[in-house]
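Let the sequences and hints guide you as you build the complete structure.
Spelled out from the first residue to the last, the chains are:
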Amino acid sequence: MSFTINDLAFVLTAGLTVGAALGVVFSRNIVHSALFLILAFLGVAGIFMELGAGFLGLVQILVYAGAISVLIIFAIMLVMNVEAGHTNLPNSSRGIHLGGALVALLLTISLGAAIWRSELSAFPGPQPVSDTVGALAELMLGRYVVAFEVAAILLLLAVVGAIILARGVEEE
Amino acid sequence: MIGLIHYLLLATILFGIGVYGVFAKRNAVAILMSVELMLNAVNINFVAINKFVQTGNAIGQLFAIFVIVVAAAEVAVGLALIISIYRLRKSVNLNDFNLMKW
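As you go down the protein sequences, you meet chains A and B in turn.
In terms of our numbering, the first sequence is residues 1 to 172.
In terms of our numbering, the second sequence is residues 173 to 274.
Source of the hints: derived by calculation from the structure; they are not laboratory data.
Careful: at least some of the hints might be erroneous.
Simulated restraints, written as ranges between beta carbons of each label pair [to be verified]: (1) A:L156 - B:L253: 12 to 20 Å; (2) B:G175 - A:V82: 42 to 50 Å; (3) B:T227 - A:T4: 18 to 26 Å; (4) B:V242 - A:L141: 14 to 22 Å; (5) A:G142 - B:V239: 18 to 26 Å; (6) B:G228 - A:M80: 46 to 54 Å; (7) A:L8 - B:R261: 46 to 54 Å; (8) A:I5 - B:R261: 46 to 54 Å; (9) B:T227 - A:G85: 43 to 51 Å; (10) B:V225 - A:I153: 29 to 37 Å; (11) A:G95 - B:V225: 36 to 44 Å.
For each residue, glycine too, the CB sits at the ideal point set by N, CA and C.
Have a look at this one:
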């Protein structure tokens, strides 16, 4: 039970991810929030790679750190009408703000304590996973092909709906 | 030394930060970003449990991919809604959006 290089990598990526996530919610400028969000996505991609899910890590970088963050930054640029330092203020109602903080804190503490006291550490250590992409392809186009097709239709509908919503309707 | 518990705890902390962001922010785009953080925490859980408990297949990773697909669709529609309502109200402050309240 010694501290290996893998543990060090986990601690570093986990610290990066949590720090970036805190930056997202506590930053007062929404552009900074968006940049911290990209950092958090990259940290989660690192966690995936440590878990032996290299393909998922690449998908995370491509879809989240690439596409979704560009979309969010575009939207921020389109809807920013006040001074940059006041774009991401906490809720003006103090009760909602403190209540939300309390709910989040209680949720984290209770879930964390439940996980910490559980028997989950009794599971055996990781086994080497071979050919994740092959296994994913077998599942995706075999047993879960209906879900795959539904996901494709959902993406198509979302893109068409987004275009219709963002374009707006012409006044009669 | 790093086991399933540590990954689950990391996911719990990320989820809690996301919950706080959803409650405490008033910018609609910031709330969407907090929801993304929560979805990422769920993905970490899927992959970690796939690796440590359900070894030998990749179903957890497959569902993480489906979650990513749904998240992408959600962000696209959500941002389109925000841009659309910004055109109407010139604001992204959620306290200003009381069209359906009476």
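Comparing the hints with the structure gives:
1. A:L156 - B:L253: 12 to 20 Å: holds, 18 Å
2. B:G175 - A:V82: 42 to 50 Å: holds, 46 Å
3. B:T227 - A:T4: 18 to 26 Å: Holds, at about 20 Å.
4. B:V242 - A:L141: 14 to 22 Å: holds, 19 Å
5. A:G142 - B:V239: 18 to 26 Å: At 20 Å between Cβs, range holds.
6. B:G228 - A:M80: 46 to 54 Å: holds, 49 Å
7. A:L8 - B:R261: 46 to 54 Å: holds, 49 Å
8. A:I5 - B:R261: 46 to 54 Å: Holds, at about 53 Å.
9. B:T227 - A:G85: 43 to 51 Å: holds, 49 Å
10. B:V225 - A:I153: 29 to 37 Å: holds, 31 Å
11. A:G95 - B:V225: 36 to 44 Å: holds, 41 Å
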